[in-house]
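Engineer: Residues per chain are reported as follows:
There are 2 protein chains.
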Amino acid sequence: MASAASEDCVRLGLALAERLCQERKMRLTPLRRQVLICLLEAQGAVKAYDLIEMLHKTRKRFTPPSTIYRTLDFLVDCGLVHKIASINSYLPCTCQHHENSLLLFVCSRCKKAQEMDDPKLYVALKQRFEELGLALENGSIEMHGLCHACAKTEA
Amino acid sequence: MASAASEDCVRLGLALAERLCQERKMRLTPLRRQVLICLLEAQGAVKAYDLIEMLHKTRKRFTPPSTIYRTLDFLVDCGLVHKIASINSYLPCTCQHHENSLLLFVCSRCKKAQEMDDPKLYVALKQRFEELGLALENGSIEMHGLCHACAKTEA
DNA sequence: GACAAAAATGCAACGATATATCATTTTCCC
DNA sequence: GGGAAAATGATATATCGTTGCATTTTTGTC
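Note that the protein sequences, when read in sequence, are chains A and B. The first sequence begins at 1 in the numbering used here and counts up one residue at a time. The second sequence begins at 1001 in the numbering used here and counts up one residue at a time.
Derived by calculation from the structure, the hints in this document are not laboratory data. Among the hints, a few may not be true.
What the hints assert, rightly or not - Simulated crosslink set (DSS-like; lysine-lysine; CA at most 27 Å straight-line):
#, chain 1, residue 1, chain 2, residue 2
1, B, 1126, A, 152
2, B, 1025, A, 47
3, B, 1126, B, 1057
4, B, 1126, A, 120
5, A, 120, B, 1057
6, B, 1126, A, 112
7, A, 47, B, 1120
8, A, 111, B, 1111
9, B, 1111, A, 47
10, B, 1126, B, 1112
11, B, 1152, A, 111
12, B, 1152, A, 126
13, A, 112, B, 1152
14, A, 126, B, 1126
15, A, 126, B, 1112
16, A, 111, B, 1126
17, A, 152, A, 112
18, A, 126, B, 1057
19, B, 1057, B, 1112
20, A, 126, B, 1120
As the structure is a prediction and not an experimental result, all values here were calculated from the model.
Whole structure, please, built from the sequences with the hints as guidance.
Structural biologist: This is the structure we're talking about:
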């Protein structure tokens, strides 16, 4: 089910989460860890209720929505996961290096999401907004359009 | 209730809508017109179910969700209104001039939204995405952060 | 104007997404 | 081990959006 690349991704993501939680004295509980693994394995953005289903297969107890949303909030607050509001989905983020320069791209057709790191562009955006008295938040720029694959097959 | 500036806004918005619909042989029905007016008068982003309530005051019949969403879809397709997915809201757009260079800013605190036109920045973004095989869509860049007013009162 | 076709709207039910509240369990720390 | 704090579970409910089909309105044609 999980490819080698995916396994790598999971391992890296978990390692980062563990380091981060230790540093900040937060708890990477079994549930949080399990949710994070689900997200990392999915290789793409996942919806909250899909996570509930995924967890249902591996856990004895049913995990209610409130719990999932709390868990996701935790992971988002940690910066380990991005919420993509426009598709009600969550995307794990392994590469912590772009804390201040993240752009999210969502394909309007296939709904796949990907991150893009471009500090220069991000700074340009940020400055432009500051001129207007607006303070950009990190990791909250969502763009829509066609991805490479979908653009190809478009009529 | 409606200030002079707001009245101007409504007048301009309606004029644009009428011209656009005539050009494209589409129909600006009473309902569509009424929804557009509500949005223009609101001076900010409005939610679908709030529109239902607003319409309930001026119309005899209750307007069901399906109808509202269809109407909003129409207005969005026309380019007269932007959907802001991250706050489930709709924002009218009077200034048609920035068809290809629109950025939307949403305050994470007060949820107020505003448009920003910056062709240069937009082109830079677009080019950067094209390098990655991604084709940006118009009017679909949403950013979050603190607006001027909220940044001031922030602890 | 009468009529059929097409477009728009109304209606009811439902599905998907998210939150509130309180009970219970687990963990932490002394 | 015991009490406080944090996390999770359970239930109900609020919010957001869609589907399918009936009805009304508009359009185009004769």
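Engineer: Run through the hints listed earlier and report the numbers of any the structure violates, in increasing order.
Structural biologist: When the structure is compared with the hints, numbers 2, 3, 5, 7, 11, 13, 18 turn out to be violated.
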